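Residues in the sequence shown are numbered consecutively from 1, following my numbering.
One thing to keep in mind: the hints can contain errors.
Cβ pair distances, simulated, as ranges [as the list claims (entries may be wrong)]:
no.	residue 1	residue 2	range
1	10	43	43 to 53 angstroms
2	15	46	37 to 47 angstroms
3	22	46	20 to 30 angstroms
4	40	98	51 to 61 angstroms
5	4	72	13 to 23 angstroms
6	72	5	20 to 30 angstroms
No lab work stands behind these hints, which were simulated from the structure alone.
Given the structure is predicted, the values throughout are model-derived calculations rather than measurements.
Positions of the beta carbon are idealized from the N, C-alpha and C atoms, including for glycine.
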Amino acid sequence: MALVASKPAEHFQPCDVPLLVSLARHLALADAVAVLLERADDVDALERAARMLARETGRIASLATKLRLTPQARYVPDSKRLRERGGGGIDAILEARRDGA
Numbered sequence: 001m002a003l004v005a006s007k008p009a010e011h012f013q014p015c016d017v018p019l020l021v022s023l024a025r026h027l028a029l030a031d032a033v034a035v036l037l038e039r040a041d042d043v044d045a046l047e048r049a050a051r052m053l054a055r056e057t058g059r060i061a062s063l064a065t066k067l068r069l070t071p072q073a074r075y076v077p078d079s080k081r082l083r084e085r086g087g088g089g090i091d092a093i094l095e096a097r098r099d100g101a
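All chains should be modelled from the sequences, with the hints used to inform the complete structure.
Encoded structure:
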């Protein structure tokens, strides 16, 4: 999976494997449901496929969040303040919070 290859090796732990497997399955299922959605020939089939796709999208988002794959996972609290101070790392974060910056 290109998603796994895009992350450093230390990003994933052995306990992440079941979540990664589940994510891959939901991604494949979402692709299959998208085909059903495109081929829907009546309103009921369209609505049913749309609900299925929405459900799969939610599951994918949840798993991606748990695996820290979403853009929010790249966000570092206090990063602007740390750049202004010229520092980084946990010590700088704790210092910034102690100083109330």
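Residue 46 and residue 22 - C-beta distance against the hinted 20 to 30 angstroms: holds, 27 angstroms
C-beta pair residue 72, residue 5: status relative to the range 20 to 30 angstroms that was hinted: Given a distance of about 21 angstroms, which is inside 20 to 30 angstroms, the answer is holds.
Range hint compliance [Cβ, residue 15 to residue 46, 37 to 47 angstroms]: holds, 39 angstroms
Status of the given 43 to 53 angstroms range, CB of residue 43 versus CB of residue 10: holds, 49 angstroms
Residue 4 paired with residue 72, Cβ distance criterion 13 to 23 angstroms: holds, 19 angstroms
Range hint compliance [Cβ, residue 40 to residue 98, 51 to 61 angstroms]: Given about 58 angstroms between the Cβ atoms, the range holds.
Of the hints listed earlier, there is not a single one the structure fails to meet.
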